[in-house]
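Each chain, written out:
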Amino acid sequence: MKTILFAFVSLFSFTLFSQTTISGKIVNEKGVPIAGANVYIEGSYDGTSTSENGTFSFTTTTTGYQNLVASSLIYETSNTAIDVAHFQNKTIKLRDNVNALDAVVITAGSLDSGSKARVSVLKPLDIVTTAGSAGNIVAALQTLPGTQTVGEDGRLFVRGGEANETQTYVDGMRVPQPYGSSPNNLPTRSRFSPFLFSGISFSTGGYSAEYGDALSSVLLLNTIDEPDQSKTEISLMTVGVGLGNTQKWNKSSFSINSSYINLSPYQALVPQDIEWKSAPQSLSGEMVYRYNFERGIFKMYAAFDASQYVIKQENINSIDKITVDSKNDNFYFNSSYSGFFGTNWNITAGLSYGYNQVKTGIDLDHLGNAENAANMKLKLKKSFSNRFKLSFGADYFITKYDETFTRNSGNKFDYGYDNTIGALYTEADILFSKKLAAKVGIRASTNSLTNDNFISPRISFAYKMAKFSQLSFAYGDFSQTPSVDYIKFSKNNQFESEKASHFILNYQYSKEGRTLRAEAYYKDYSNLVRFDSPTIGYNSIFTNDGAGYAKGLDLFWRDGKTIKNLEYWVSYSYIDTERLYKNYPTQVTPNFVPNNSLSIVTKYWIMDWKSQIGFTNSFSTGRPYNNPNETQFMNGKTKSYNDLSFNWAYLLTTQKILYFSVSNILGANNVYGYNYAIQPSANGEYKRSAIKPAADRFFFVGFFWTISKNKNDNQLKNL
Amino acid sequence: MKKIITTIALLVAVISSAQGQFEQGMGKAFQLWKEGKNTEASAMFERIASADKTSWLPNYYVALVNTTSSFAIQDKTQVNALLTKAQDALDVEMIKDQDNAELYVMQAMIYTAWIVMDPMTNGMKYSGKTMEMYAKAEALAPENPRAVFGKADFQMQGAKWTGIDTKPLCKEVDKSIGLFATFKPETPFSPKWGLDRAQAALKNCK
Numbered sequence: 001m002k003t004i005l006f007a008f009v010s011l012f013s014f015t016l017f018s019q020t021t022i023s024g025k026i027v028n029e030k031g032v033p034i035a036g037a038n039v040y041i042e043g044s045y046d047g048t049s050t051s052e053n054g055t056f057s058f059t060t061t062t063t064g065y066q067n068l069v070a071s072s073l074i075y076e077t078s079n080t081a082i083d084v085a086h087f088q089n090k091t092i093k094l095r096d097n098v099n100a101l102d103a104v105v106i107t108a109g110s111l112d113s114g115s116k117a118r119v120s121v122l123k124p125l126d127i128v129t130t131a132g133s134a135g136n137i138v139a140a141l142q143t144l145p146g147t148q149t150v151g152e153d154g155r156l157f158v159r160g161g162e163a164n165e166t167q168t169y170v171d172g173m174r175v176p177q178p179y180g181s182s183p184n185n186l187p188t189r190s191r192f193s194p195f196l197f198s199g200i201s202f203s204t205g206g207y208s209a210e211y212g213d214a215l216s217s218v219l220l221l222n223t224i225d226e227p228d229q230s231k232t233e234i235s236l237m238t239v240g241v242g243l244g245n246t247q248k249w250n251k252s253s254f255s256i257n258s259s260y261i262n263l264s265p266y267q268a269l270v271p272q273d274i275e276w277k278s279a280p281q282s283l284s285g286e287m288v289y290r291y292n293f294e295r296g297i298f299k300m301y302a303a304f305d306a307s308q309y310v311i312k313q314e315n316i317n318s319i320d321k322i323t324v325d326s327k328n329d330n331f332y333f334n335s336s337y338s339g340f341f342g343t344n345w346n347i348t349a350g351l352s353y354g355y356n357q358v359k360t361g362i363d364l365d366h367l368g369n370a371e372n373a374a375n376m377k378l379k380l381k382k383s384f385s386n387r388f389k390l391s392f393g394a395d396y397f398i399t400k401y402d403e404t405f406t407r408n409s410g411n412k413f414d415y416g417y418d419n420t421i422g423a424l425y426t427e428a429d430i431l432f433s434k435k436l437a438a439k440v441g442i443r444a445s446t447n448s449l450t451n452d453n454f455i456s457p458r459i460s461f462a463y464k465m466a467k468f469s470q471l472s473f474a475y476g477d478f479s480q481t482p483s484v485d486y487i488k489f490s491k492n493n494q495f496e497s498e499k500a501s502h503f504i505l506n507y508q509y510s511k512e513g514r515t516l517r518a519e520a521y522y523k524d525y526s527n528l529v530r531f532d533s534p535t536i537g538y539n540s541i542f543t544n545d546g547a548g549y550a551k552g553l554d555l556f557w558r559d560g561k562t563i564k565n566l567e568y569w570v571s572y573s574y575i576d577t578e579r580l581y582k583n584y585p586t587q588v589t590p591n592f593v594p595n596n597s598l599s600i601v602t603k604y605w606i607m608d609w610k611s612q613i614g615f616t617n618s619f620s621t622g623r624p625y626n627n628p629n630e631t632q633f634m635n636g637k638t639k640s641y642n643d644l645s646f647n648w649a650y651l652l653t654t655q656k657i658l659y660f661s662v663s664n665i666l667g668a669n670n671v672y673g674y675n676y677a678i679q680p681s682a683n684g685e686y687k688r689s690a691i692k693p694a695a696d697r698f699f700f701v702g703f704f705w706t707i708s709k710n711k712n713d714n715q716l717k718n719l
Numbered sequence: 001m002k003k004i005i006t007t008i009a010l011l012v013a014v015i016s017s018a019q020g021q022f023e024q025g026m027g028k029a030f031q032l033w034k035e036g037k038n039t040e041a042s043a044m045f046e047r048i049a050s051a052d053k054t055s056w057l058p059n060y061y062v063a064l065v066n067t068t069s070s071f072a073i074q075d076k077t078q079v080n081a082l083l084t085k086a087q088d089a090l091d092v093e094m095i096k097d098q099d100n101a102e103l104y105v106m107q108a109m110i111y112t113a114w115i116v117m118d119p120m121t122n123g124m125k126y127s128g129k130t131m132e133m134y135a136k137a138e139a140l141a142p143e144n145p146r147a148v149f150g151k152a153d154f155q156m157q158g159a160k161w162t163g164i165d166t167k168p169l170c171k172e173v174d175k176s177i178g179l180f181a182t183f184k185p186e187t188p189f190s191p192k193w194g195l196d197r198a199q200a201a202l203k204n205c206k
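So the sequence lines, in the order shown, correspond to chains S and F.
Residues 1 to 719, numbered by UniProt numbering, are exactly what the first sequence covers, in order.
Residues 1 to 206, numbered by UniProt numbering, are exactly what the second sequence covers, in order.
No lab work stands behind these hints, which were simulated from the structure alone.
Don't take each hint at face value.
[Stated by the list, open to error] As a list, the in silico EDC-like pairs of lysine to aspartate or glutamate whose alpha-carbon atoms are at most 20 Å apart:
(1) S:709 x F:118
(2) F:125 x S:225
(3) S:381 x F:165
(4) F:76 x S:314
(5) S:359 x S:402
(6) S:687 x S:402
(7) S:564 x F:118
(8) F:76 x S:76
(9) F:28 x S:42
[To be verified] Examples of chain S residues lying across from chain F (beta carbon under 7 Å, computed):
(10) 34
(11) 38
(12) 47
(13) 51
Note that the coordinates shown come from a computational prediction; the quantities given were computed from them, not determined experimentally.
Using N, Cα and C, we set each Cβ at its ideal position, and we do this for glycine too.
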């Protein structure tokens, strides 16, 4: 009896655990064997690792159809349905994992920073530790190739384009007024404190179909998804005070950052070339609220800024100085949700609203304007595989702008414009292999003010030539509503959108802490706005028959490896550009473009001093200016520009930092251009005055204190 | 009667065989790991994880093996692949159980490995998160020696940059050594590593 039972049981278990051999070979796409790959039958213990020559063999007790999994680190995991009985000496091919760090990425036109960037041109700390940037995001970006430093303006000028040709986006939503207001010929600042942003992508051309209404460039800023901890931050500076607080809960967090800036104490100490009746002062604040859902994140960002100044500015056309009294209120709000649903679907929906009001008194006249701008956006992205992703979306912009000019005499002029832009776009990301990638998109838009429609293609390719180097190419058509300076007079004039096409060829070499980028481009402008009067005014007649081009070469080299504790980068830009626009009689190089620009940024960490010391040198050749005493238009050229800035951050303790910076150490007498009198003087000569910085040097001393549980955190990143 | 016996016998055979397979597999994986065959060890743990979805240990060890392997590697592509694998494995278990201190310690180690890979880029991003993970682990299991030691050790590593006083941290390391002595792993395969590292760290204190 027992024997029978035993025999029965063992027979049964034999059938249960009868063993079949599975064998074969694992190779990559080129047929090269992969050693150490993990091969197993899903849900069982049966499996093995491949040998040196890629072969495997193991026995299994499973029967019938099973899922055979083959995985190896840098390859895509394969799942093969097999019949256990008939799987011997078979070959399985693993495809390259196109998400791997060494896979190709399209780099033409874009300069990325932050965690998502494979090759960071700027690191998160850079914005704030770059000497001369003083925490201004835009000032740090001006040390990158493809930008022109326009000292008297402060905004971003990209590759021969005007400042308004760059659009700024926060969390994917447009920011209609990214800069604070400033007096004529004195630089403005970006409104955003670098503190709240983790990723920056700065595109100098050829950007994605997701973005429109920008002729030259887009600047994409992303707020931090999740702050690391709750903390309070205090800053005491020679120019004002700041207070920040972050609260972090289980699924949500809230950050608020406010500052009061008043330049009068500083100006009392350091003599200025400019007579301020009331030094610039501003009260500003930003806040971000984030809520993390299971499969998505909701973000709300709001910023306000109230600033004012009274200045007495010299004017070549009048004996007395002109008093300019300005008040600016700005509010910006944006909320967005981004999350996953279904199988590999991603949705992004957002809404932004910006309000900007400027009230300026010019002697006894008064100029007031108000802009309301909103942006709505919906974007869907489906990832079909690692190799093919498709996105499509819709964008809607509404802008309403009103301006009133009141003369002392009581005469009042009202003008302005309303505009809506609707756009649809679709774009495909295709990875043919680890070496070849493409992004192909198209954007269709319609503009109510200019009453025109556009179909704009955007194409880019990247090819990886060798382990550390790759080549990218981008082409795109772009259109933009003309500048507010013109279209506010659209009552009597019909405008058309301005147009540009970009061609970009990029080479990038990147290896362990060293990056070299070389980018050649050609940009073709058409439909640029022209007017027929000396200055833009109510009576100007506008046409859209302007044109232009820009071509050049941008070089960038970054190295953090060769010398220990030294991080440096060098940017060089050569540009050849001419435009027939504004009231130019002929096609010439505009007055904001120097042909050659060179920036050298260094940062050196001295352990013994617990200090980071940095130097930034910006050099550019002379800029054109128009001298009415000469017959040829725009024939003058300023002398070259140079600025050597220095900064020193000293860690008193981990959470207390003393920071010092000074610009233009060498005291170079920089001239940005000249203002000429409208009327010649008695001897027939047009008199001029130089456009110069408000003071030769700018000194800054600040003390930054972080209070948090984790004693390692500090505000080094804010400097 | 016969039927019952047969059924019982079969049941016992199946169960003991399954039990045996888990233990055998884990034993073999540890053996491979000890021999320095990290890829094979990780593969073995991965196979066990695929077969036995009830235990959090196989995926935990997939994460641990790949993270510790990454410390010895310079090539960023390789490190990125290892840490991605570690994170994927840990994510599987983290979703199932949010109250396991060992998983938080593991998460802190993965963050630390990202910092080691590129301190300039990842330092600011992950140091706060690492501390947060250790804090969570300590809150869940104040007596867990790896949580106590890991937290102190991480701050000590940063001390040469931040200049904070290491004395209180040394005290914590000392305390963790005491906890290692009394720590009782739940199963033979449960995490029990770390004493040697704590002892080495304590030597630097003197």
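Verification of the supplied hints:
1. For a cut-off of 20 Å, the pair hint linking residue 709 of chain S to residue 118 of chain F is broken: about 24 Å separates their Cα positions.
2. Annotation: proposed proximity of residue 125 of chain F to residue 225 of chain S holds, straight-line Cα distance about 11 Å (limit 20 Å).
3. Taking the CA atoms of residue 381 of chain S and residue 165 of chain F, the gap is near 49 Å; set against the 20 Å cutoff, the hint is violated.
4. Using a Cα cut-off of 20 Å, the hinted pair residue 76 of chain F and residue 314 of chain S is violated, with the two alpha carbons roughly 58 Å apart.
5. With a CA separation close to 12 Å, the supplied pair residue 359 of chain S and residue 402 of chain S stays within the 20 Å bound.
6. At most 20 Å may separate the alpha-carbon atoms for a hinted pair to count; residue 687 of chain S and residue 402 of chain S exceed this at roughly 35 Å.
7. With a C-alpha separation of about 14 Å, the suggested pair residue 564 of chain S and residue 118 of chain F falls inside the 20 Å cut-off, and the hint holds.
8. The hinted pair formed by residue 76 of chain F and residue 76 of chain S meets the criterion: a straight-line CA distance of about 18 Å does not exceed 20 Å.
9. Pair hint residue 28 of chain F plus residue 42 of chain S holds up; C-alpha atoms about 19 Å apart against a cutoff of 20 Å.
10. Interface hint status for residue 34 of chain S: violated, as the beta-carbon distance to the closest one in chain F is roughly 11 Å, over 7 Å.
11. Because the beta carbon of residue 38 of chain S sits about 4 Å from the nearest beta carbon in chain F, less than 7 Å, this interface hint is met.
12. Evaluation of the residue 47 of chain S hint against chain F yields a held restraint, the C-beta minimum of about 5 Å falling below 7 Å.
13. With its C-beta approaching chain F no nearer than about 11 Å, residue 51 of chain S sits outside the 7 Å limit, and its interface hint is violated.
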